[in-house]
Every structure is written in C-alpha cells, then in structure tokens.
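Q: Residues per chain, in single letters:
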Amino acid sequence: SQELEQSPQSLIVQEGKNLTINCTSSKTLYGLYWYKQKYGEGLIFLMMLQKGGEEKSHEKITAKLDEKKQQSSLHITASQPSHAGIYLCGADYGGNKLVFGAGTILRVKS
Amino acid sequence: DGGITQSPKYLFRKEGQNVTLSCEQNLNHDAMYWYRQDPGQGLRLIYYSQIVNDFQKGDIAEGYSVSREKKESFPLTVTSAQKNPTAFYLCASSIVGREGKETQYFGPGTRLLVL
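The listed protein sequences correspond, in order, to chains A and B. The end of the first sequence is residue 135 by my numbering, with every number in the run present. The end of the second sequence is residue 119 by my numbering, with every number in the run present.
These are calculated hints, taken from the structure and not from any lab test. Treat the hints with care, as some may be off.
What the hints assert, rightly or not - Chain A stretches covered by chain B per the calculated footprint, using a threshold of three residues with CB under 8 Å from any CB of chain B:
id: 1; segment: 39-47
id: 2; segment: 64-76
Said to hold, decoys possible - Straight line, CA to CA, 25 Å or less: simulated BS3-like cross-link-like pairs of lysine-lysine:
id: 3; chain 1: A; residue 1: 52; chain 2: A; residue 2: 134
id: 4; chain 1: B; residue 1: 74; chain 2: A; residue 2: 122
id: 5; chain 1: A; residue 1: 89; chain 2: B; residue 2: 105
id: 6; chain 1: A; residue 1: 76; chain 2: B; residue 2: 75
id: 7; chain 1: A; residue 1: 85; chain 2: A; residue 2: 63
id: 8; chain 1: A; residue 1: 52; chain 2: B; residue 2: 105
id: 9; chain 1: A; residue 1: 61; chain 2: A; residue 2: 42
id: 10; chain 1: A; residue 1: 52; chain 2: A; residue 2: 93
id: 11; chain 1: A; residue 1: 85; chain 2: A; residue 2: 42
id: 12; chain 1: B; residue 1: 13; chain 2: A; residue 2: 61
id: 13; chain 1: A; residue 1: 52; chain 2: A; residue 2: 94
id: 14; chain 1: A; residue 1: 134; chain 2: A; residue 2: 42
id: 15; chain 1: A; residue 1: 122; chain 2: A; residue 2: 81
id: 16; chain 1: A; residue 1: 122; chain 2: A; residue 2: 61
id: 17; chain 1: A; residue 1: 61; chain 2: A; residue 2: 89
id: 18; chain 1: A; residue 1: 61; chain 2: A; residue 2: 85
id: 19; chain 1: A; residue 1: 81; chain 2: B; residue 2: 105
id: 20; chain 1: A; residue 1: 89; chain 2: A; residue 2: 76
id: 21; chain 1: A; residue 1: 42; chain 2: A; residue 2: 89
id: 22; chain 1: A; residue 1: 122; chain 2: B; residue 2: 61
id: 23; chain 1: A; residue 1: 85; chain 2: B; residue 2: 105
id: 24; chain 1: B; residue 1: 105; chain 2: B; residue 2: 61
id: 25; chain 1: B; residue 1: 74; chain 2: B; residue 2: 13
id: 26; chain 1: A; residue 1: 52; chain 2: A; residue 2: 85
id: 27; chain 1: A; residue 1: 63; chain 2: B; residue 2: 13
id: 28; chain 1: A; residue 1: 61; chain 2: B; residue 2: 105
id: 29; chain 1: A; residue 1: 94; chain 2: B; residue 2: 105
id: 30; chain 1: A; residue 1: 63; chain 2: A; residue 2: 42
id: 31; chain 1: A; residue 1: 52; chain 2: B; residue 2: 18
id: 32; chain 1: B; residue 1: 75; chain 2: B; residue 2: 61
id: 33; chain 1: A; residue 1: 122; chain 2: B; residue 2: 105
id: 34; chain 1: B; residue 1: 105; chain 2: A; residue 2: 93
id: 35; chain 1: A; residue 1: 61; chain 2: A; residue 2: 94
id: 36; chain 1: A; residue 1: 122; chain 2: B; residue 2: 18
id: 37; chain 1: B; residue 1: 13; chain 2: B; residue 2: 105
Remember, predicted model here, so these are calculated numbers, not experimental data. C-beta atoms are modelled at their ideal positions from N, C-alpha and C, and glycine is treated no differently.
Generate the whole structure from the sequences, applying the supplied hints.
A: Next comes the structure, spelled out in structure tokens:
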C-alpha cells in the first residue's frame, strides 16, 4: 500500500550484526503492528505499538513508534539465522482492518 | 491446542472452476479476515467478518465470496470471475487485547495455483 512504506525492501546481513527496518505512514497512525513471516507460512505476531514514543522488545527485537514522524522502526540486535524471514508492518488507521506494508525480506549469512 | 487452521495447504484450480478455501479457529475470536498475498506485495484484504452472519467487502472482493454461519468458520470461495487467482491466501482472526486494541492472528495459509 502507498499509505505505508517499508524500507528496505530486502536486507542481507552477516550473523551477529545489528539491523533496522523502517515503516513509514502517510496518515495518522492509531496503532502499528509488526509481524514476521517465514516463506510459505502464516504471519507471526511480534508486537503492537500505539503510543508515540512507545518502545517494546521481544527477545532481541525492539520496535519503536515515532508519532511525530508517523514512523516505526524495528531493530534486531546481534542477528541470528533464526531471524531470517519477511517482516511486515500493519497500520491501524482507526477502522476495523489493518493496512499492510509490502514487507522487508531479511537474510542472515552465517 | 488452540489455533487457526487452513486447508488445504495447496489447491489447484482449473479454468472456470470455483474452489473453496477453509478457515477454522477455536480461539473464540469474534472477527475473522481473508487476505491475499502476492510476491513483492503486502497483504490485501478480501473480506472480513466482525460477527456471525455478517461480513463486509475488503479492498479486493471482486471474484470472491464468503459466508460466516458459525463463529469458528469463515470459508472463502474463489469464483471463476476471479481472473488472476494464483496467490497465497491467509486467514486471520482477532481479539481485543489488554491494551484495548484488536490483534490479528494468522493461519498457515493456502497456496492456490491455476492449472
């Protein structure tokens, strides 16, 4: 969706390196969801952010919501092969449905 | 074992044929959703249902139909009117969490291929 842009489209990192994925909205966010997907499988819920400045962590994955920029960043510390997959952000614009970004493909080289 | 199941994992459709994808959940969630995922694109909403016997069109409903006769089940039919049905189909259900926001949980998906 053009309302929600994810960057980069794809990313290859060496195992042990840190990385950041961004999700930028062109409209006011009421909530921002992060999911992870292995190819050919369903989405796994990681975390949800709803307040400006909010930061949450799940194992080595941290996500922040910058309300002023209408942007969320997902940061992975000391990446591992298990982190490989597709990361998708989903935006809540106040309705009963989510709008998803195109996803970021992450590959981790060991 | 609570969760969302989708069947079959792979489905083949012949030209002019209708096919039905199954989605079942035993999580007691009220809302259910169908999405389509194409390579390089995010998920696009086909249909969603907030309660039994009620459903709404999403962004790309043309060529699809649904029913919601039971809380646990939300089958999706891909009709012959859908000219480009090859995609990965994902079903989700949602519940309002502790923070007062709905979180969607997804099934494993069904890959539909046209013969």
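Q: The structure should be examined with respect to each hint, and the outcome stated for every one.
A: So, going through the hints one by one against the coordinates:
With 0 residues carrying a beta carbon less than 8 Å from a beta carbon of chain B, the segment 39-47 of chain A misses the three-residue requirement, and the given coverage is violated. Figure legend: the segment 64-76 of chain A, annotated as covered by chain B; annotation consistent (8 residues with Cβ-Cβ distances under 8 Å, at least 3 required). Restraint check for residue 52/A and residue 134/A: the C-alpha separation of about 36 Å exceeds 25 Å, so the hint is violated. The straight-line distance between the Cα atoms of residue 74/B and residue 122/A is roughly 21 Å, inside the 25 Å bound, and the hint therefore holds.
Restraint check: the Cα-Cα separation between residue 89/A and residue 105/B comes to about 17 Å, which is no more than 25 Å; the hinted pair holds. About 32 Å separates the Cα atoms of residue 76/A and residue 75/B, which puts this hinted pair outside 25 Å; it is violated. With a CA separation close to 18 Å, the supplied pair residue 85/A and residue 63/A stays within the 25 Å bound. In summary, the hint linking residue 52/A to residue 105/B is supported, as the alpha carbons are separated by about 19 Å, within the 25 Å threshold.
A hinted pair counts as satisfied when its Cα atoms are at most 25 Å apart, and residue 61/A with residue 42/A qualifies at roughly 19 Å. Our distance criterion of 25 Å between C-alpha atoms is met by residue 52/A and residue 93/A, whose separation comes to about 11 Å. Distance restraint check for residue 85/A and residue 42/A: the Cα-Cα separation of roughly 12 Å lies within the 25 Å cut-off, and the hinted pair is therefore satisfied. Restraint check: the Cα-Cα separation between residue 13/B and residue 61/A comes to about 19 Å, which is no more than 25 Å; the hinted pair holds.
About 10 Å separates the Cα atoms of residue 52/A and residue 94/A, which keeps this hinted pair within 25 Å; it holds. At roughly 10 Å between alpha-carbon atoms, residue 134/A and residue 42/A fall within 25 Å of each other, so this suggested pair holds. Restraint check for residue 122/A and residue 81/A: the C-alpha separation of about 22 Å stays at or below 25 Å, so the hint holds. Annotation: proposed proximity of residue 122/A to residue 61/A holds, straight-line Cα distance about 18 Å (limit 25 Å).
Between the alpha carbons of residue 61/A and residue 89/A the distance comes to roughly 16 Å, so the proposed pair stays at or under 25 Å and holds. Restraint check for residue 61/A and residue 85/A: satisfied, since their Cα atoms lie roughly 14 Å apart, inside the 25 Å limit. About 15 Å separates the Cα atoms of residue 81/A and residue 105/B, which keeps this hinted pair within 25 Å; it holds. For the suggested pair residue 89/A and residue 76/A, the alpha carbons sit about 9 Å apart, so the restraint of at most 25 Å is met.
For the given pair, residue 42/A sits about 19 Å from residue 89/A by alpha-carbon distance, which is consistent with the 25 Å threshold. Distance hint between residue 122/A and residue 61/B is fulfilled; the C-alpha atoms sit about 11 Å from each other, no more than 25 Å. The suggested pairing of residue 85/A with residue 105/B holds, with an alpha-carbon distance near 24 Å, which does not exceed 25 Å. Between residue 105/B and residue 61/B, the direct Cα distance comes to roughly 22 Å. Compliance with the 25 Å bound is thereby established for this hinted pair.
Under the criterion of a C-alpha separation no larger than 25 Å, the hint pairing residue 74/B with residue 13/B is consistent with the structure, at around 22 Å. With a CA separation close to 29 Å, the supplied pair residue 52/A and residue 85/A exceeds the 25 Å bound. For a cut-off of 25 Å, the pair hint linking residue 63/A to residue 13/B stands: about 15 Å separates their Cα positions. For the suggested pair residue 61/A and residue 105/B, the alpha carbons sit about 19 Å apart, so the restraint of at most 25 Å is met.
For a cut-off of 25 Å, the pair hint linking residue 94/A to residue 105/B stands: about 22 Å separates their Cα positions. Only pairs whose Cα atoms come within 25 Å are accepted, and residue 63/A paired with residue 42/A is accepted, the gap being roughly 20 Å. Using a Cα cut-off of 25 Å, the hinted pair residue 52/A and residue 18/B is violated, with the two alpha carbons roughly 41 Å apart. Pair hint residue 75/B plus residue 61/B holds up; C-alpha atoms about 18 Å apart against a cutoff of 25 Å.
Simply put, residue 122/A and residue 105/B have alpha-carbon atoms about 11 Å apart, close enough for the 25 Å limit, and the pair holds. Restraint check for residue 105/B and residue 93/A: satisfied, since their Cα atoms lie roughly 21 Å apart, inside the 25 Å limit. Among the hinted pairs, residue 61/A with residue 94/A is consistent with the structure: their alpha-carbon atoms are about 23 Å apart, no more than 25 Å. At most 25 Å may separate the alpha-carbon atoms for a hinted pair to count; residue 122/A and residue 18/B exceed this at roughly 32 Å.
For the suggested pair residue 13/B and residue 105/B, the alpha carbons sit about 30 Å apart, so the restraint of at most 25 Å is broken.
Of the numbered hints listed earlier, those contradicted by the structure are 1, 3, 6, 26, 31, 36, 37.
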